[in-house]
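A.B. asks: Below, each chain spelled out in residue letters.
Protein chains: 2
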Amino acid sequence: MSTAPRPVVTAFGWVPDFARGLVRDLRVRWACEEIGRPYDAELLDATKPRPDEYLARQPFDQVPAFTDDGLQIFETGAILLYLGEQDERLLPTDPQARWQAISWLFAALNSVEPFITRISGYDLFHHDKEWMPPAREAALGLCRQRLKRLTDALGDKDWLAGQFSVADIAMITVLNNLRHTDIVAEYPGLAAYKARGEDRPAYKRALDAQLADFEEKQPA
Amino acid sequence: MSTAPRPVVTAFGWVPDFARGLVRDLRVRWACEEIGRPYDAELLDATKPRPDEYLARQPFDQVPAFTDDGLQIFETGAILLYLGEQDERLLPTDPQARWQAISWLFAALNSVEPFITRISGYDLFHHDKEWMPPAREAALGLCRQRLKRLTDALGDKDWLAGQFSVADIAMITVLNNLRHTDIVAEYPGLAAYKARGEDRPAYKRALDAQLADFEEKQPA
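Quick note, the sequences are listed as chains A and F, same order.
If you're matching positions, the first sequence starts at 1 in my numbering and goes up one per residue.
If you're matching positions, the second sequence starts at 1 in my numbering and goes up one per residue.
Pulled out of the complex, with its shape left as it was, chain A reads as follows (with noise of 0.2 Å):
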């Protein structure tokens, strides 16, 4: 039996259902599945602000926020990073491929996620605002870029940087913030990298891990 302390992840113990799916521990939870890694989620009330002690894990009082063995990290990026760099399952060891793994990490957290979150920000929070719809029209233009650009770089690939790695395991989960449209659907090719990514049993189990997390009903 092993002795390894398993590392923590907080995650939320209520979300709407727009966010059920969507919620960054995912991200995390798919990692340590793929290397069969056991983890403890530590659910929090997403309803009302965290204690202040919370913001010393987590400075924008978000999840998730991880632990391992009296090591603490905040950030999906650095938290997949940390994973990597443990797991060659997660992040190749050759020097081009690794940072080849880590350009990709970065682009998309800061180089696509940006330009996604800004239309299902607009869907979700300001659907009813008269401003609106062509606010969302402009982003929607450099949304499209942004995607037309990567499936090109994907190409015939299955991943991004040759092998599976948490560059994957971050683009699929930010490309999952428009599933309530159709956009992803207009690049066939990326649509099918996601549809490969989360076809992963290692996907499947960590997302009925946080789904399995959910009370049915908001807490009062």
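By construction, these hints were calculated from the structure, which means they are not laboratory data.
On a predicted model such as this, the values are computed, not experimentally measured, just so you know.
No copy labels: a pair is met if it fits in one copy or bridges any two.
As a list, the in silico SDA-like pairs of lysine to any residue whose alpha-carbon atoms are at most 20 Å apart:
| no. | residue 1 | residue 2 |
| --- | --- | --- |
| 1 | K48 | K148 |
| 2 | K157 | D52 |
| 3 | K148 | D52 |
| 4 | K148 | P51 |
Place chain F on chain A using the hints.
C.D. replies: Relative to the frame of chain A, chain F by itself:
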């Protein structure tokens, strides 16, 4: 005389005034200057699409792309991490301090920058649109939340991860995208932090080098 190869960073040979001092190769130049690592700038034309082969180095057709001794990296976050791994003046070696710095590096690029570039994007590219003021107002609320959390997390520390690190290079250059506004000044601790970074001789040398590389006139 050192025979270490000089890394190459791509940059633009001309950009409009509003972008001078903001183009992201500045981050890489700053990191190189902090550790006294000579580098070469490869200047590209910002006014037309780059040659197709450039996309293999930078899939989003942006700057910077980075090459060191044959190794190719894109995304400023990845390049900063790479340089940090080579010199503890840019990234502490103590494990908790290292992961704190890496967490903040990702935070600058994923939890802060997208909220800032939304504002600067409205101001620079959509200032004449009717829908812009209410859209900007909605985005400003989110941006202020992030800056308040960042200010609180910084507290009375000089730098995000204890010692100066690549996280500060990323965060301070991210904040500078608001230089056309008074928003950062609303948070005196944050404004002082930004000034502290920009007062470093390495920052000044990097900025001078970027500005010196710009042609005065837009290429015909």
